[in-house]
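**Student:** Chains A and B, in that order, give the protein sequences.
Note that my numbering gives residue 14 to position 14 of the first sequence, counting from 1, and the numbers run on in steps of one.
Note that my numbering gives residue 415 to position 415 of the second sequence, counting from 1, and the numbers run on in steps of one.
It is possible that some hints are incorrect.
Computed footprint of chain A on chain B; a stretch qualifies when at least three of its residues, placed anywhere within it, have a C-beta under 8 Å from a C-beta of chain A [stated by the list, open to error]:
hint: 1; stretch: 235 to 245
hint: 2; stretch: 382 to 395
hint: 3; stretch: 402 to 410
hint: 4; stretch: 496 to 509
hint: 5; stretch: 520 to 530
If you are wondering where the hints come from, they were derived from the structure by calculation, not from laboratory data.
Please read all numbers here as calculations on a predicted model, not as lab measurements.
Ideal Cβ positions, reconstructed from N, Cα and C, are used throughout, including at glycine.
One letter stands for each residue in the lines below.
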Amino acid sequence: MSRLKTCFDQLRAQKRAALIPFITAGDPIQTLTVPLMHGLVEAGADVIELGVPFSDPMADGPVIQRASERALAQGTSLRDVLDMVKNFRLQNQTTPVVLMGYLNPIEIMGYKTFVQAAESVGVDGVLTVDLPPEEATDLSALLRAHAIAPIFLIAPTTTPKRIKHICVQASGYLYYVSLKGVTGSANLDVISVAKKVTEIRQHTDLPIGVGFGIKDVQSAAQVAKVSDAVIVGSALVRLVETEAQDKLLKMIPAFVRALRQGMDAL
Amino acid sequence: MSKFNNNQPISRTRVKICGITRPHDAQVAAKLGVDAIGLVFYKNSPRAVSVKTAQKIIQALPPFVTTVGLFVNAEPTFIHNILAQVPLDILQFHGEESPDDCRRFDKPYIKALRMRQNVDVQAFAQRYSDAKALLLDSYVQGVKGGTGVIFDWQQVPSDLSKPIIIAGGLTPNNVSQVITTLCPYAVDVSGGVESAKGIKNADKMTAFMKGASMVKSITLKKTPSLPDLPDSDGHFGPYGGLFVPETLMQPLEELQKAYQHYLNDSAFLAELNDDLHHFVGRPSALYHATRWSQHLGGAQIYLKREDLNHTGAHKINNTVGQALLAKRMGKTRVIAETGAGQHGVATATVAARFGMECVVYMGSKDIKRQAINVYRMRLLGAEVRAVESGSKTLKDALNEAMRDWVTHVDNTFYIIGTVAGPHPYPLMVRDFQAVIGRETRQQIKVLAGRLPDILIACVGGGSNAIGLFYPFLDDTDITLYGVEAAGDGLETGRHAAPLCTGKPGVLHGNRTYLMSTEEGQILETHSISAGLDYPGVGPEHAWLKDNGRVEYVAVTDDEALDAFHDLTRLEGIMPALESSHALAYCKKIAPTLDKDKIIVINLSGRGDKDIHTVAALEGIKI
Ligand SMILES: Cc1ncc(COP(=O)(O)O)c(C=O)c1O
Chain A
1 MSRLKTCFDQ LRAQKRAALI PFITAGDPIQ TLTVPLMHGL VEAGADVIEL
51 GVPFSDPMAD GPVIQRASER ALAQGTSLRD VLDMVKNFRL QNQTTPVVLM
101 GYLNPIEIMG YKTFVQAAES VGVDGVLTVD LPPEEATDLS ALLRAHAIAP
151 IFLIAPTTTP KRIKHICVQA SGYLYYVSLK GVTGSANLDV ISVAKKVTEI
201 RQHTDLPIGV GFGIKDVQSA AQVAKVSDAV IVGSALVRLV ETEAQDKLLK
251 MIPAFVRALR QGMDAL
Chain B
1 MSKFNNNQPI SRTRVKICGI TRPHDAQVAA KLGVDAIGLV FYKNSPRAVS
51 VKTAQKIIQA LPPFVTTVGL FVNAEPTFIH NILAQVPLDI LQFHGEESPD
101 DCRRFDKPYI KALRMRQNVD VQAFAQRYSD AKALLLDSYV QGVKGGTGVI
151 FDWQQVPSDL SKPIIIAGGL TPNNVSQVIT TLCPYAVDVS GGVESAKGIK
201 NADKMTAFMK GASMVKSITL KKTPSLPDLP DSDGHFGPYG GLFVPETLMQ
251 PLEELQKAYQ HYLNDSAFLA ELNDDLHHFV GRPSALYHAT RWSQHLGGAQ
301 IYLKREDLNH TGAHKINNTV GQALLAKRMG KTRVIAETGA GQHGVATATV
351 AARFGMECVV YMGSKDIKRQ AINVYRMRLL GAEVRAVESG SKTLKDALNE
401 AMRDWVTHVD NTFYIIGTVA GPHPYPLMVR DFQAVIGRET RQQIKVLAGR
451 LPDILIACVG GGSNAIGLFY PFLDDTDITL YGVEAAGDGL ETGRHAAPLC
501 TGKPGVLHGN RTYLMSTEEG QILETHSISA GLDYPGVGPE HAWLKDNGRV
551 EYVAVTDDEA LDAFHDLTRL EGIMPALESS HALAYCKKIA PTLDKDKIIV
601 INLSGRGDKD IHTVAALEGI KI
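Bound-form chain A, shown alone:
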């Protein structure tokens, strides 16, 4: 059974929501990424979303844009990110890792080369922000053939017809974008999020994660009540940006632990 399925099945049995932190690979330096990933797991992360840096991240707000720029300044490439997952798997065989990024680096590497490499290093899911299901047929088929979940977004603007269509295409989990905007935008509205999650649930048995706009213990706890997974990105990446490098391996897990405790206190 896949790592993602095992993970969500266990959580479901425990009636707990998953905590999915996002960090950009190679930010602030490449050698910190794998230790940070282990730190996230120790602090209570159930799945890790690892951002693949791209020069033109059009769906990201300033915080993750700058993270991408820092990672690219370190020369972080898609191959480097795959290597990081490989290193992570030397010590961790259970925590699912999902790559999140944009299509062009994958196009340039070639779908086949990428998917084979991703499978061999132990990637569990791939979320390509600028690849809606309509254009994803080829890549999705390859990913599935190699036991990797193509993960898709659903947005507040997504029509009921599209929700149905996306649910058919998706595997692993669904990522509900909680607001109209870029990553790290202002506040999310829990009531409308809950409504949309209920609507999506009518079309799928897959877990439904919620991301964009969750930035503290309180919002994480609220979203945990109405969904299957809480995805936290910009709030973590902001810490990477503002804290001193030698403190990151303490600060980042501490923040994640606080989120986990807040979610579990319910």
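Guided by the hints, dock chain B with the ligand onto chain A, whose structure is given.
**Tutor:** Frame of chain A; chain B with the ligand shown alone:
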């Protein structure tokens, strides 16, 4: 034998004034040089005349003015009775008369056809094979002062042997544009020259004749049957498509639907045509650059003068179209990205005119290079937001505009400035810019008597190039050159030539040729002209490169600069640095061609915005 021999140029478009009810009006019309007058024998018409009035009108006419009798589903006995008393030269049938109904009177006749979507003009012409001409009536109820004929015209097959008469919604204001774009055998006006129903107005008739004679008419040759791309999901072969975050899928679908709807909406098209004429100043001139041609010593060079448009470039053709669409879709705020600032200015201009809020994103590097355009946008009431991310140029401005759109989808329309972006933008912008090529087709036949041998345009995102090329894509004996920016030279890597050096990838919503690293990161580009400084290109160009229809080449900063000076000194026309790239390529090939060869260059914009750049390069401070 040339394929145009069947279509010898005609010297001018004839004019018929219909619905004359007073002898005096007929006399005025004749004095003004009208070719024919129409008398309406249909009692439900407010312009119907009695036998007696008809006789008086014809009596008042001097010789050599044709009299036309108009009938709508009349009984044969009624028509025979009229013909016995009124000396009509020709009959015009406006109802559901069959061919036999039309030909039983031993008189030459014209059959009218109401232009709707999907009418088969060819089949109609075959059915009424002995009609002297077809009158295409595009009048639309409730639409004042314009016609939707420009788009409908594509329904008229090229090999139609019958003369075409255009009627419906013609006015003194739009007649010249209709003639330049459609080149009919004749135009037919009634309401457009009246002060009240049936009462013709001498001033309006004078103005109409002036408008009609302003342009010399030319061969009847329609736009070619257009290649059916993109497909319904926006693909040009493997290129194009819709590569955007999920939040934008629904707004793009809504835009697609609205665009398809208004593309077939006569009121929308009438307003667009009216704006292109009165606000933009179209048709833009086609100019024979005789001194420069002579200087180069080879082919004859013609310049399509998009620099003469309002705001000084081709960009406004597109912003007018998109702003009208935005208005119809109920959007109150428009946003745009800009590099050189031309598209930003064109967007700020239409936003001012339509009273919309306007935000323009511009890389902070470009803001420094194009200070004058930044100030122009601010004067027009737009907010210019500096983009500090990435390479701080056009591509980053596009990213930022997309982010704004994702955040404000409800009230905001994103006006993209070139044939890039997700579907339907590459299609929509091409359609709005194709007016350049349509006009060129007609104008070159007037000026040179035939179609050109070569077309040249610069390629940034590719909108001015596709605008010129598109109506010529089917004419495979015409060579098309798209000119990219080679910057310091293709071998230096400091350039903006994705088609010449790049490989396919995905950026800004579509798959196309891109300049990117081995790892798929988008490269910074370099060009002397900010408008060409973009690492991608419209997906249709990627397709046209692969199938070989267009040849893509590149010229350096220095070559473009030389061409800028040449045209300024030899022709008194200061071209934009973008357009100078097309000129520079022409400089290379014109001397190698015979003097009877014809080259048309898209002079996409004027150079005023670039004088600071040019001065700085020459070490001059202004
Ligand atoms: C005068 C002029 N020509 C050409 C271009 C390039 O754009 P495109 O390739 O879309 O015509 C620009 C862009 O700013 C421009 O201002």
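**Student:** Which hints, by number, does the structure contradict?
**Tutor:** none
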